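The listed protein sequences correspond, in order, to chains A and B. So in our numbering, spot 189 of the first sequence is number 189, and the numbers just go up one at a time. So the mapping is simple: our numbering equals the position in the second sequence, first residue as 1, plus 303.
Calculated directly from the structure, the hints in this document are not laboratory data. None of the values given here were measured: they were computed from a predicted structure. Heads up, a few of these hints could be off.
As the list claims (entries may be wrong) - To give an idea of the interface, some chain B residues facing chain A are shown, with a C-beta separation under 10 Å as derived from the structure: (1) R467; (2) V468; (3) L472; (4) A493; (5) V504; (6) V570.
Glycine included, every Cβ here is placed at the ideal spot set by N, Cα and C.
Number of protein chains: 2
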Amino acid sequence: MEPRFPGEPLGLIAGGGRLPRIVAETAMARGFTPIVVRIADAIDDDWDGFVGGYFAWGRTGDAVRFMKASGVSRVVTCGTVSRRPDFRSILPSFRTLIMLPTAFRVVRGGDDRLLRNVAAFLKAEGLEPVAVQDVAPQLLAPHGPIAGRRPEAAEDKALFLALRVAQTLGSLDVGQAVVASQERVIALEAAEGTRDMLHRVADLKTRGRIGRGERLVLVKAVKPQQDERFDLPSIGVSTIREAESAGIGAIGVTAGKSLIIDYEALVAAAGEAEIAVVGLAGGDVGQTAAAPHHSDALGEGSS
Amino acid sequence: MEPRFPGEPLGLIAGGGRLPRIVAETAMARGFTPIVVRIADAIDDDWDGFVGGYFAWGRTGDAVRFMKASGVSRVVTCGTVSRRPDFRSILPSFRTLIMLPTAFRVVRGGDDRLLRNVAAFLKAEGLEPVAVQDVAPQLLAPHGPIAGRRPEAAEDKALFLALRVAQTLGSLDVGQAVVASQERVIALEAAEGTRDMLHRVADLKTRGRIGRGERLVLVKAVKPQQDERFDLPSIGVSTIREAESAGIGAIGVTAGKSLIIDYEALVAAAGEAEIAVVGLAGGDVGQTAAAPHHSDALGEGSS
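The following block holds chain A by itself, in its conformation from the complex (with noise of 0.2 Å):
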């Protein structure tokens, strides 16, 4: 996605997290200002140098009139929103008082369904929003090997089994993770996120509730639904770390359908964990084989 004139203003709602970062850096790269609209988890980020602020949930009408009256036409909405609004603390303006049906409704649900709604949201308010990969495709995950070891044959196994199950729940617009051995199904994310159900998989490990001879898989799959572009799975270093300490020895992300947040730094916490992490494509499921080995597998996520 290009900038319609040089430095046309593109609206950034910024949740916590590296992601919104780099998307902004990226799309000043490509000639755009972004305004930075902080919210949630961003409260305490250091965006200086960027043009913008934070706005609490009461202030919603506040946020969209500032993007208006900074020449805002297009909105890119991403990052973490764990801390829920609370709406008992808002002294809300008239226009967001207007909204607040619509705020209560974006809140519910979590993370993913929030980003989702607040694309609807812009759009009633004459924003036209727009998705993390057209702005930064390179963040798209590719097909095959991505970062650390490759699987080894039994994390072949649950890689599919879960990308199997993830893929039915996807269609039940479910959760997008799934943890699975060679051998079962270990945990599925409903509306706990991924983060609460990988801290589960650590306690049924310390718990041994889990066989030694498991090899334990994570799988997040997009959900195969209209509006899947603001609601793409991603994984990065923390995503790693969270991975490691559940005993999880593989990922899997749907290729071309995922975000690899701060791709060095995962590569390196991949390595360093010892984690395979690989791009899995829906045809996948049923092989046994191995993900196809592209050593330039990278590009093709953003074709």
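With chain A held as given, fit chain B onto it using these hints.
Frame of chain A; chain B shown alone:
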């Protein structure tokens, strides 16, 4: 199932909980002589007046020999096995050593698979496994209202969503339990077990991750499998209590393929907790709008 001769010895491999005692008393009333092999959680249970004893995992061989010496040809296995055998503390007999590989496999994967695999193990030992419902068919859940109040419209919608998801999971041989609201799936059981899943839901509620308008329900569905006879989901008073503390208003089980443990006590607990308990048939999924509608506004979920 009737005794082949008056006082036929019936092997009862008893884990913890109320179920084994109920099965033993039913068996006696029908003219069997229960031979009680207590395992796992049953270590401290009072079984005075019944023939049998407690057997540690290392004495699996002795337990089989004891049943055979008592004239047992048919064996029913039930009860909870939440404690994992500590194989380091085992001083196995020679006969048990031969079985240990099986024993390990049996323990893998938590209660359900354990009880299922015990059946296969008994067959291999020349004993005939019989299902709880063969001995005590009165425990099978009926179709329709079972206990407590009737489900409200929003809970009906949630029940059908949860049943649809639970059956899909079952077809993938994953867990049996699902928590849903009228709008979305909240939690999916895999290796952690129903109790841990309900604790998770309570935690999500505490953290405000569940909307005020969401009416939560729990569905335990049987897996469509050959050996489902030895793996029926069950609910009892403890299920009601755990559901209550998770903020769940209705519980659905698969009619004719789930066990109601301690019916009178469950009715009392469900009435007290104002929880609806219903028996669902597979065909029920077709009824009503089972599809989730995430974009529903607050409160409209029941429409």
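Measuring from the C-beta of V570/B to each C-beta in chain A, is the shortest one below 10 Å?
Cβ of V570/B sits 30 Å from chain A, so the hint is violated.
Have a go at the L472/B hint: is there a Cβ in chain A nearer than 10 Å to its own Cβ?
holds (8 Å)
Would the hint on R467/B be counted as holding, given a Cβ-Cβ threshold of 10 Å to chain A?
OK, holds: R467/B within 10 Å of chain A, min 7 Å.
At a threshold of 10 Å, is the proposed contact between V468/B and chain A supported by beta-carbon distances?
Hint holds; V468/B Cβ to chain A Cβ min 5 Å, cut 10 Å.
Go through the hint on V504/B and say holds or violated, using the shortest Cβ distance to chain A against 10 Å.
This interface hint holds because 8 Å falls under the 10 Å limit.
With chain A as the partner, please determine if A493/B meets the hint condition of a C-beta pair closer than 10 Å.
Result: holds, 5 Å to nearest chain A Cβ.
Checked against the numbered hints listed earlier, the structure breaks hint 6 alone; every other hint is satisfied.
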